[in-house]
Amino acid sequence: MATTKEKKRKSNKPPDGSGWSRRTMLKASAAAGVVTMLTSRKSLLAQSIPTQPPDCTPQPTNSPATTPFVQALPIPPSATPTILNPFPTLQADTALGEAARANHQDWTQFFPLVQYSISVQPCMHQFHPQIPSTYCWGYNGIYPGPTFLNVYGVPIVVRFYNNLPVDNIGFGDNNHTTHMHNGHTASESDGFAGDYWSPGLFKDHHYPNVYAGFNSIPPLGDPLEAQHTYWYHDHRHSFTAGNNYRGINGMYLMYDDVDTGSEAAGQGPQALCLPGGYGVYDIPLNFTDKLFCADGQMYATAPDTIPAGDKFIVNGAIQPYFNVFTRKYRFRFLNSGPARIWTFNLYDNNGNAQPMTVVTTDGNLLPSPVEIIPSSSQPTLQGLTVYVSQRYDVIIDFTNAIPGTSWYLTNVAAQFVGNAAEPEPAPGVNIDNVVMAFNVTGPPPSPDLSQVPAVLTTLPNITTPLANLFATRIWNFNDFVAGAEGDPASPTTKVFNINGLTFDPNRPDALIQQGSSETWLIRNRFPGTGWTHPVHIHLEEGRVLDRRNINANPTTGALISINSEGVPPLEQGRRDVYPIVPGDEVLIFLQFRDWFGKYMIHCHNLGHEDNLMLTRWDVTTGPSSTVTSPTYSDGTPNTGNGEPNAGAQPNLTPAITLLSQLPASYETTKLNRPGVKGSKKGVKA
Amino acid sequence: MNRRDFFTCHVADKSRPAASLGPGYYSNGLFTTHENKKVRFYDDLIKGKISIINFMFTSCDKYCPRSIVCLTKLQDLLGDHLGRDMFMYSFSLKPDEDTPAQLAAYAKSNGARPGWLFLTGSEYDLTSIRFKLFRLDDPLMDFSLDVHASMLRIINDNNSHWASWVLPDPPRLIREAVSWVEPTKPFKVRVRENAELQAQIDRESAITAPKWAQFKRACGWTERTAKYENPAGMKKLQALLQARA
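Residue numbers (my numbering), protein chains in the order written: chain H, 1 to 685; chain D, 686 to 930.
Looking at chain H on its own, in the form it has when it is part of the complex:
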């Protein structure tokens, strides 16, 4: 062992000129007590790789029947740091098998002492004891992938090995890229949908774990920009649904001095003391749905026909139970797709609704906790609606629950349980709607020190950037509308388009100057179409300034009137996913700070994004662009006057509007800006 170590040490001079040798690194991490483990790629692959069975045919009508609550909720293990070999470098180490990428930005400043090695590889997973194991793909060969536990101010690097099979069959694609959703991450580590790498190669993603605005706000950014619950997932474009359905996703949690992950007393006045301890009182809940063949294989065929599943799955288990003490818990709800919109409620053993207290939205602390209960006077708070990729941290207080009884988390839509004459677990609670059960065991072994303060955070002050907006950029998320030819908002037949365009990884549709601020108007303009688009924007979280209902001609989309609905309670904080139902539009505020390069805005319904409902935009040195597509993909400048060739994109209306040029109906906007009418209700600072 010692000799191997010696050899490795000699061959591991860091070529990045950072002055950090592997030895110092070992010392540094050993001093900090981080477990160091030399993991070579070989040992990771030493586990037997399952071979892929053929897809079952014909398509199953229903999954096999399963008995509810026979398995405990699995808790994904936390990821374990290692020392990477070959050592991570500023430049892509293509000679040693790293996938091509631009140099890491701010690599020296945020040099990653903590390193992880993750293998994306085939696996077997049993979703229920009554269904045989199914072939799957997962991070480190497990589903869900290991959970990353992180602290703000401790940068990390994760090496993602693509060990997917070269001879795979059926749905999904063996090219892979990982997006850490929605990290404040440099472009080359962001998992851009076009930057996938093939089996046998690896790529280092640098996660600096730093607050946004670190370049302009000393020291190292604004702590109010903290985000706590992230997830990381496959983002290979055109195959994201298939690859996520196969199981390539996991969670990534961040802690700091406010959200410490511990409820112990004496952490200082700023500590929130929310229920803490990963896997103990701080529990990830990764929701998805799948359809299974009779032999237990998960069923799907083509990239964008991933079926609606008829089994509700939490952390990889169908209808599990979770044992709880009579105390408070923090559950981190994640909708990992592919397409289902969940609406959750909580019922006790008597069928009485119990409150769920939301403390974060997409991982961002709310100013104050928001309670979800069916009797709420606010329609949006009568159930917790979670669109694909949204996260909600929810406090559930079992203090008054009766030991020996169970509480039930339900979804508004039913699943297929399949057993004959299943009784109601609680009065009025249908077993088909129950996602999971909480079995109340008894009092906790130690007193519950956790708190849910009435004030959780204040929101970053955006008055100054709002006064210095560059412009409002309009993103029309359109489905094809018959007869829309000639309508600039929907000039093509493309089924899922953004401003009439579909994804081209080499074509930025907006150039945005570093450090600037914009408001973005995201529209699902045609009320006649049936699809909701949960729109996700990479790089920074946004603030919802207004939500509006569009009254438009259902065929042509011509605007008749627009009615402001204000900002719903769950959108008062910071978000990174903005769902728009047909006929809805949302006005958000965004900043573009710190990193340069390519990012995306896209629909996070995985089927829609696989149908190319993605747009690349770039952060540049400026100036910001004023038309949707500054250049065609063949490099010809888009003058807005026509198309360079028949195969390329059609003519486009400028998609950016100076605020002063917005139609009169937009003047009711609630912007707290001097000179704008109707800005009485300022944006909360």
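Do not rely on the hints blindly, as some may be mistaken.
[Stated by the list, open to error] Below, a list of computed lysine to aspartate or glutamate pairs in the EDC-like style, where the Cα atoms sit at most 16 angstroms apart:
1) D:K747 to D:D831
2) D:K901 to H:D167
3) D:K920 to H:D257
4) D:K779 to D:D729
5) D:K734 to D:D765
6) D:K896 to H:D618
7) D:K870 to H:D167
Since the hints were derived computationally from the structure, they do not count as laboratory data.
Given chain H, put chain D in place with the hints provided.
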């Protein structure tokens, strides 16, 4: 599907690729090509091939022309694959209007090369495959002829890989999508392509990186180059990881 088709769909066929979903999935209806040949959907068009499938109709003057121009450029990019292991199939959305003779004239006027077939058949068979391959589960979309003028499916029966794209779009993007259903290239080739991609990224970075650095200097953002030390943070992380262990 008539009774005879039912049997051809479900009888095991050793000539079928092991990974194929087979005629039971794709259906095996009878179609007529613009060359007036009778073909079965699975047996003659899909089995063992890479198929690039779209829907059109010859009298479509609204959306189809641009799509067809795009496909004519694609057939050039496919080179000698077309007609050998890759085939393009354009199915009629209006079988009443589109006779084989009509389709033949259309194929000729668009310069279709051998390997690109224009097909028509019964309304039932056409709708069956349209719903199998292009269904969006939305009646507005699924019954609109216009919607389907923009959709393209790429299927490799040998490994059951599918890809899709939209029309019209730059043909090189569609050619790339076709490559995704092809078998994974040998590792050596992929390593070479990776090096080429890196060289391209380096060329682009040589232009952008100095600009970024200049912008940062102009903003007064100085990059910290001191040794990175955050013992307090490391201690917290250690506590989190140990609590978990």
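query: So which of the earlier hints does this model not fit?
result: Violated hints: 2 and 4; rest satisfied.
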